[in-house]
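K.L.:
So you can see what is in the structure, the chains are spelled out below.
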Amino acid sequence: MKLHKASLFGLYAVLELASNPKRQLSATDIADKYGISTHHLAKVLRTLVRSGLVQAVRGAGGGYRFSGIVNRTTLLDVIELFESLESELDAPAPQGQAASAVIEELQSITREIDDLTKAVLDTITLETALNGSRQRALSPS
Amino acid sequence: MDQITIRNAVLSDLEAVIALDLVGVSEEKPTYWRGIFDRYVTAGKDGGFFLVAETQDEVIGFIVGEVRAWEFGSPPCGWVFAMGVSPQTREQGVGELMFQQMCERLKKAGVTIVRTMVDRENKLTLSFFRSQGLRTGRYIELEKSIDGL
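Protein chains in written order, with the working numbering: chain E, 1 to 141; chain R, 1 to 149.
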């Protein structure tokens, strides 16, 4: 699975902000920490604000703050703000039943993979991912 | 919340466990649970553990697990195959306490891995086990409908 950049940046931002919901961070703070483009992250943050997961704090010293529910929001909730995670099987007008059958079989296999991917991402809450990250930080491999 | 005690299940817990297991499902399974109590409580199956969580003399959760060896070619490992917490006491650490105690007992019984299997639509239970550090394991469950045979 290859996540779109926007999904990945969305996960970085949400996890960073959710790790301390009282803290405000600017797009630059987050972008610098993860070594990503501030410009691209700013666009991602606008989507996160519209979703209600993140709140924009205006004024001097303003920035972004997590406003979601850390033990209710899953990784899939964040990713689906940016992409659908459905595999695309381009099949331009197959000729005949045999070709259609092959395409249908491949579609059924990719559906199985998509369902498994979603089942994993939809059961890892931000809280669980943050706990895992903290444990890794304490005992780096 | 009042003090939670985790203890070995006893026969008189049967009705409470059946009631807890019934939450969210349409079918009561008294025969299944009598069989489980027979094997894990009365007979005290070797390597098997049936624990309940209790507060103020009320059973608010249960967990059942055991050591299984060489099923599907796997070296001995612990399986948690049934678990439930009263909806009124969820998100208060009851499941975590029971699971930790189960892991301790399984470890004392000599295994180093604990496994379970959960319906992929059961987000509540899947999220719980993930919060306890479980991840997709080495074995893949496969199935096929044989209804049309």
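To be clear, the hints were calculated from the coordinates, so they are not data collected in a lab. These figures come from a predicted structure and were not determined experimentally. Certain hints may be false.
[To be verified] Simulated pairs of lysine-lysine, BS3-like, Cα-Cα distance not exceeding 30 Å: (1) R/K107 - E/K22; (2) E/K33 - E/K43; (3) E/K2 - E/K118; (4) R/K107 - R/K123; (5) R/K45 - E/K118; (6) E/K2 - E/K43; (7) R/K123 - R/K29; (8) R/K29 - R/K45; (9) E/K2 - R/K123; (10) R/K144 - E/K118; (11) R/K144 - R/K123; (12) E/K33 - E/K118; (13) R/K107 - R/K45; (14) E/K5 - R/K29; (15) E/K2 - E/K33.
[Claimed, not checked] Restraint-style ranges between C-beta atoms, simulated for each label pair: (16) R/E104 - E/T28: 45 to 51 Å; (17) E/T117 - R/P76: 28 to 34 Å; (18) E/A98 - R/A109: 22 to 28 Å.
[What the hints assert, rightly or not] Taking beta-carbon pairs under 10 Å as the criterion, some of the chain E residues facing chain R (in silico): (19) E80; (20) L81; (21) S84; (22) S87.
Every residue gets a Cβ at the ideal spot worked out from N, C-alpha and C, and that includes glycine.
K.L.:
Compare the structure with the hints numbered earlier in the document and write down the numbers of the violated ones, lowest to highest.
P.N.:
1, 5, 14, 18, 19, 20, 21, 22
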